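Residues per chain are reported as follows:
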Amino acid sequence: MQPTTQETISQLEKARKLALGDAAYYPQIVPGVLPIIGPAAALDLRRWGADFLAETFSSPAVSADAKQNMSLQVVHMLRQYLETTGEDSAVIKSVVQTATSIYQLVFKHT
Amino acid sequence: MLQDSFRATISVVSCVMCMQTLSAYCSARIAPYRLCLFHVHVLISSPSFFSISNAADSQTWQTMATIKSNILRRMEKEPSGVKLCCIKFIQRVVQVQTPGQVADPRVRDMKYLHLAFHTEIDYMCSDLIRMRSLSPLCPATIL
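These protein sequences, in sequence, are chains A and B.
Under this note's numbering, the first residue of the first sequence carries the number 396, and numbering increases by one thereafter.
Under this note's numbering, the first residue of the second sequence carries the number 50, and numbering increases by one thereafter.
If we strip away everything but chain A, and leave its shape as in the complex, we get (with noise of 0.2 angstroms):
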């Protein structure tokens, strides 16, 4: 039986309470977590992942280096994200943030 959307989130939330403790967790909880909130999942997983990924990049305590890498991974959903037509404005939003703090590294990469 597939969990509901809340019970989703709330193990999410669990992985993200993990990161925020320790940020060496963030490598392995990003790319386990990607499949999760991709473009075709409901609005509440696309919207809290969105934000995820928004608070990954921003956070001082990841390292360079560590988000470099993940950069590479995220940026193609990111691209899915805004060419997704009628996507939601907060989802936007964070994706938006989340390309502010990886145009950067991406630049760094090529």
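Just so you know, these hints were derived from the structure itself, not from any lab.
Keep in mind that this is a model prediction, so the values were computed, not measured.
Even for Gly, the Cβ is constructed at its ideal location relative to N, Cα and C.
One thing to keep in mind: the hints can contain errors.
Ranges between beta-carbon positions, derived for each pair [claimed, not checked]: (1) A:Glu478 - B:Pro128: 12 to 22 angstroms; (2) A:Gln468 - B:Ala105: 10 to 20 angstroms; (3) A:Gln401 - B:Gln144: 38 to 48 angstroms; (4) B:Leu121 - A:Gly481: 14 to 24 angstroms; (5) B:Lys126 - A:Gln423: 35 to 45 angstroms; (6) A:Lys409 - B:Ser107: 33 to 43 angstroms; (7) A:Ala435 - B:Gln108: 19 to 29 angstroms; (8) A:Ala435 - B:Ser107: 22 to 32 angstroms; (9) A:Ser458 - B:Gln111: 21 to 31 angstroms; (10) A:Gln401 - B:Gln108: 32 to 42 angstroms.
Pairs of lysine-lysine, BS3-like flavour, derived with a Cα cap of 25 angstroms [unchecked claim]: (11) B:Lys126 - B:Lys137; (12) A:Lys503 - B:Lys117; (13) B:Lys117 - B:Lys137; (14) B:Lys132 - B:Lys117; (15) B:Lys137 - A:Lys503.
Beyond 10 angstroms from chain B on every Cβ pair, some chain A residues (computed) [stated by the list, open to error]: (16) Arg411; (17) Gly416; (18) Ala436; (19) Ala437; (20) Leu438; (21) Asp439; (22) Glu450; (23) Glu478.
Knowing the structure of chain A, use the given hints to seat chain B on it.
Chain B only, in chain A's frame:
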């Protein structure tokens, strides 16, 4: 005269080894090697050393460019909250892609370089540093 990118490639491979060897010579106060050490220092301080690490990965940059134009297009029709985030994004783009002191915090530190090196290097080196601080955007002019 080597190209900046070629010098950077060489130095990435051998920089640590070079620094170890050169520091041994430097402590023996042999002027030409101290000059060479200074060149390596300028090279690793130059933007070409740090900025481009995966030039062949054009797909990632292409995606980022698509994101950039998508965000720029949103400036006209989105509600003010999203528009504010877009302005912040544009601010970052301008900051990152402006060459010189604004974009590169290491260049700002170059003005203190002569203080750190003053007691260690000879007159020729300090002259080069002065030239470097006068033209921080053109490391190639003194190398």
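Here's how the hints hold up against the structure:
1. At about 19 angstroms, the CB distance of glutamate 478 (chain A) to proline 128 (chain B) agrees with the hint of 12 to 22 angstroms.
2. A hinted range of 10 to 20 angstroms holds for the C-beta pair glutamine 468 (chain A) and alanine 105 (chain B), which are about 18 angstroms apart.
3. For glutamine 401 (chain A) and glutamine 144 (chain B), the hinted distance range of 38 to 48 angstroms is satisfied, since their beta carbons lie about 40 angstroms from each other.
4. Taking the beta carbon of each, leucine 121 (chain B) and glycine 481 (chain A) are about 19 angstroms apart, inside 14 to 24 angstroms as hinted.
5. In this structure the hint that lysine 126 (chain B) and glutamine 423 (chain A) lie 35 to 45 angstroms apart at CB holds, the actual value being about 38 angstroms.
6. A C-beta distance of roughly 39 angstroms is found between lysine 409 (chain A) and serine 107 (chain B), which places it inside the suggested range of 33 to 43 angstroms.
7. Roughly 22 angstroms separates the CB atoms of alanine 435 (chain A) and glutamine 108 (chain B), a value that falls within the hinted 19 to 29 angstroms.
8. Between alanine 435 (chain A) and serine 107 (chain B) the beta carbons are some 27 angstroms apart, a value that agrees with the proposed interval 22 to 32 angstroms.
9. At roughly 26 angstroms, the beta-carbon separation of serine 458 (chain A) and glutamine 111 (chain B) lies within the given 21 to 31 angstroms, and the hint holds.
10. Checked against the given bound of 32 to 42 angstroms, the beta carbons of glutamine 401 (chain A) and glutamine 108 (chain B), roughly 37 angstroms apart, stay inside it.
11. Between lysine 126 (chain B) and lysine 137 (chain B), the direct Cα distance comes to roughly 16 angstroms. Compliance with the 25 angstroms bound is thereby established for this hinted pair.
12. Taking the CA atoms of lysine 503 (chain A) and lysine 117 (chain B), the gap is about 16 angstroms. The hint holds against a cut of 25 angstroms.
13. Taking the CA atoms of lysine 117 (chain B) and lysine 137 (chain B), the gap is near 12 angstroms; set against the 25 angstroms cutoff, the hint holds.
14. Our distance criterion of 25 angstroms between C-alpha atoms is met by lysine 132 (chain B) and lysine 117 (chain B), whose separation comes to about 14 angstroms.
15. A C-alpha spacing of about 19 angstroms is found between lysine 137 (chain B) and lysine 503 (chain A), which places the hinted pair at or below 25 angstroms, so the restraint holds.
16. Residue placement check: arginine 411 (chain A) keeps its beta carbon more than 10 angstroms from all beta carbons of chain B (closest about 21 angstroms).
17. Annotated as non-interface, glycine 416 (chain A) keeps its C-beta farther than 10 angstroms from every C-beta of chain B; the closest such distance is 28 angstroms.
18. Residue placement check: alanine 436 (chain A) keeps its beta carbon more than 10 angstroms from all beta carbons of chain B (closest about 19 angstroms).
19. Non-interface call for alanine 437 (chain A) relative to chain B: holds, since the shortest CB-CB distance, roughly 21 angstroms, exceeds 10 angstroms.
20. Every C-beta of chain B lies more than 10 angstroms from that of leucine 438 (chain A), the closest at about 16 angstroms, which supports listing it as non-interface.
21. In this structure aspartate 439 (chain A) is separated from chain B by more than 10 angstroms, as the shortest Cβ-Cβ distance comes to about 19 angstroms.
22. At roughly 14 angstroms, the least C-beta separation between glutamate 450 (chain A) and chain B is larger than 10 angstroms, which holds for a residue marked as non-interface.
23. Non-interface status of glutamate 478 (chain A) relative to chain B is broken: a Cβ of that chain comes within 10 angstroms, the nearest being about 7 angstroms off.
In this structure, the one hint that does not hold is number 23.
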